[in-house]
Amino acid sequence: MELLINQVLAGIATGAIYACMALAIVMIYQAIENLNFAQGEMAMFSTFVAWQLMQWGLSYWEAFLITVVLSFVGGIVIERLLFKPLAKAPILTNVAGFIALFAIVNSCAGLIWDFTIKEFPTPFGSAPFLGSQLISTHQAGMIGVTLLLLLLLFFFFRFTRIGLAMRAAAALPESARLVGINTSWMIALGWGMAAAIGSIAGMLIAPVVFLEPNMMGGVLIYGFAAAVLGGLTSPFGAVIGGFLVGIFENLAGTYIPGVGNELKLPIALALIIFVLVVRPAGLFGRAIVKRV
Amino acid sequence: MAAAQEVVTETPTVEAPPKRAMTLGYGTSLALLGLLALVPLFAKNFIIFQMTTLLIYALAVLALNILTGGSGQFSLGQSAFYAVGAYSSAILMEHANINYALTLPISGVICFAFGYLFGKPALRLSGIYLALATFALATAMPQLLKLGVLEPWTGGVQGLVVDKPDAPFGLKMSQDMWLYYFTLAVSTAIYIFSVNLLKSRSGRAFMAIRDNEIAASAMGIDVARYKTLAFGISAGITGVAGALGAIAVQFVAPDSYTVTLAISLFLGMVVGGVGWLPGSIVGAAFIIFVPNIAESISKGLSGAVFGVLLFLVIFLMPHGARQVAMFGQRLVGKLWK
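Residue numbers (my numbering), protein chains in the order written: chain A, 1 to 292; chain B, 1001 to 1337.
Isolated chain A, as found in the complex (with noise of 0.2 Å):
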């Protein structure tokens, strides 16, 4: 019993990581109803800026601040000069373009920072949380900040004018262009939106997994399984689908035999694809009625 509970907590810690990383591909999802699979290199180039800002000197929340600021503004440029000449291109196209951006971004950053492994510091310390061998008190502040960003974003789309217009712009753009909204910017402002969550993820995740070009291979996967597996309608999914891949992924590990690190991810997806085949918009996402 006590494995089980030691094993479930630690799931939870790394269910934070997939967790903050699910929150952003869902607020880009959001926007353009597609999945972008630069967006764990975007987080990964805001965590190098943010590092580079700490070596030039400043301190921990200063460069937080300025790296978040510097990704809103970066994701928007990128949707602009990129994706708005897109708008029109084939779904597939603008697929192919996810992919040419994850090799542009990744490449640029292996020659500005190189591979080497680097140290991210953390500002809530690294020692046991409440005791516990399982969760350090990074772990805890991840989880933490990971819900204060679900209950902002929660206030922003429910009750300001522009989270307001940002839904409609997503649900039914046509209309949402009659009533006056100007649907184009409230996708770059999703993508800019995106891309400040995804560094705020980036800097809670590189503690643990080390700063490096490739960080964010495994999370991305994890964070798109999160994301799927909640609902990729629905924030608070996928929170608690990040959650829930990471125990799980614990679970299978420590339970099932034979299960060594290698087959941890082909487990964890198999799984995913068994929820989706039972609830196909995931757990928490809402069913989407098609007429002809």
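Quick caveat, the hints were computed from the structure, so don't treat them as lab data.
Bear in mind the structure is a predicted one, so any value in this text is a computation, not a measurement.
A portion of the hints provided could be inaccurate.
Ranges of calculated distance between the beta carbons of each label pair, as one might list FRET restraints [what the hints assert, rightly or not]:
(1) A:33 <-> B:1225: 25 to 31 Å
(2) A:159 <-> B:1329: 52 to 58 Å
(3) A:1 <-> B:1218: 40 to 46 Å
(4) A:33 <-> B:1312: 23 to 29 Å
Computed list of lysine-lysine pairs in DSS-like fashion (alpha-carbon distance at most 25 Å, straight line) [what the hints assert, rightly or not]:
(5) B:1299 <-> A:118
(6) B:1146 <-> A:264
(7) B:1044 <-> B:1164
(8) B:1044 <-> B:1172
With the Cβ distance kept under 7 Å, some of the chain A side facing chain B (calculated, not the full set) [what the hints assert, rightly or not]:
(9) 35
(10) 87
(11) 89
(12) 92
(13) 93
(14) 96
(15) 100
(16) 103
(17) 104
(18) 111
(19) 150
(20) 224
(21) 234
(22) 276
(23) 280
Where a beta carbon is used, it is the ideal one built from N, C-alpha and C, also for glycine.
With chain A's structure known, arrange chain B on it following the hints.
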């Protein structure tokens, strides 16, 4: 939660090319085939080998094109079928001493069954969810091939080494050249099959499903049957390509068949033009040669150069090579008048 349901008018995720525009005319096809048959006579062995690879990738892209361009289902997991095909062929040759040519149909059938079975649960998924499910399959495949249980057959992490076949009937031909013509024959046969498939009743059913699933089922098309059939056929062709790939490279190992391969094939389809079968070879050329070009421009930044080139291509022709071909056709038409 009835109030939370959303009603949208379904827009097809894959835009529909008119049916006539999905293939080339007879004249152009024959000229292209003639070109492909003649070039190796004047080329070095290395170039012949590269052309073999080109044809093999073109087959794999073609298979994805039937699935996505034909029936409108996404897949980021083609590398899994490719791997199964390659391994089936290698195992049959190494452990059962079956002739390499005979392993191709067997690999095709195995992959057809695998794809058909995978298509069953995938029926419930569409769009981005199906992309993720197939992506999961592709991620899992190398790990599954490394499993200790399968090691006596698969050779584990080490993989298997395959012999390269000699030219039969005492033909005076280098191994590379023979393999090229063998691949060309197989590819041509599969291309003709695919073109006819899309023209047939089944092909029309695929396209009806792609354009609107609900309308298709209202017209009496068995949506589940044709969707799984498309998955099976696509997997089968990919399997044959994988088997040819194993024979050409003379080596199979789990890490040759990662998600990167699946993503490459996807890019190949987009660059060639979704739903335009002859584009497959253009797409294959893109995914084989452009990374090399990028590497030669800048070693350190090869990824970035590749990304920029890819962006250029999709900016200039968001509908892929099909756009260029249609433009050329119209131009020729104008000059003719």
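Hint check results:
At roughly 29 Å, the beta carbons of residue 33 of chain A and residue 1225 of chain B sit within the given window of 25 to 31 Å. Our hint of 52 to 58 Å for residue 159 of chain A and residue 1329 of chain B holds, since their Cβ atoms are close to 55 Å apart. In this structure, residue 1 of chain A and residue 1218 of chain B break the distance hint of 40 to 46 Å, their C-beta atoms being roughly 55 Å apart. Range check, residue 33 of chain A to residue 1312 of chain B: about 25 Å between beta-carbon atoms, so the 23 to 29 Å window is met.
Restraint check for residue 1299 of chain B and residue 118 of chain A: satisfied, since their Cα atoms lie roughly 23 Å apart, inside the 25 Å limit. Restraint check for residue 1146 of chain B and residue 264 of chain A: the C-alpha separation of about 14 Å stays at or below 25 Å, so the hint holds. With a C-alpha separation of about 18 Å, the suggested pairing of residue 1044 of chain B with residue 1164 of chain B holds against the 25 Å cut-off. With a C-alpha separation of about 16 Å, the suggested pairing of residue 1044 of chain B with residue 1172 of chain B holds against the 25 Å cut-off.
At its closest, the beta carbon of residue 35 of chain A sits 6 Å from a beta carbon of chain B; the interface hint therefore holds under the 7 Å criterion. Interface restraint check: residue 87 of chain A against chain B, minimum CB-CB distance 10 Å, threshold 7 Å, status violated. Given hint, residue 89 of chain A at the interface with chain B, holds; its Cβ is 3 Å from that chain's nearest Cβ, closer than 7 Å. Interface restraint check: residue 92 of chain A against chain B, minimum CB-CB distance 5 Å, threshold 7 Å, status holds.
The interface hint given for residue 93 of chain A holds, since its Cβ lies 5 Å from the closest Cβ of chain B, which is under the 7 Å cut-off. Taking 7 Å as the C-beta cut-off, the interface hint given for residue 96 of chain A holds, the closest approach to chain B being about 4 Å. Hint status for residue 100 of chain A relative to chain B: holds, with the closest Cβ pair at about 4 Å, below 7 Å. Nearest Cβ of chain B to the Cβ of residue 103 of chain A: about 4 Å, under the 7 Å cut. The hint holds.
Of the supplied interface hints, the one on residue 104 of chain A holds, with its beta-carbon coming within about 4 Å of a beta-carbon of chain B, less than 7 Å. With a cut of 7 Å, the hint placing residue 111 of chain A at the interface with chain B holds, because the nearest CB-to-CB distance is about 5 Å. Given the 7 Å rule on beta carbons, the hint for residue 150 of chain A is violated: about 19 Å separates it from the nearest Cβ of chain B. Nearest Cβ of chain B to the Cβ of residue 224 of chain A: about 6 Å, under the 7 Å cut. The hint holds.
Annotation: residue 234 of chain A was flagged as interfacial toward chain B, and the flag is violated, the nearest CB pair being 10 Å apart, outside 7 Å. Hint on residue 276 of chain A holds. Least Cβ distance to chain B is approximately 6 Å, under the 7 Å limit. Interface restraint check for residue 280 of chain A: the shortest CB-CB distance to chain B comes to about 5 Å, inside 7 Å, so the restraint holds.
When each numbered hint is compared with the structure, violations occur for hints 3, 10, 19, 21.
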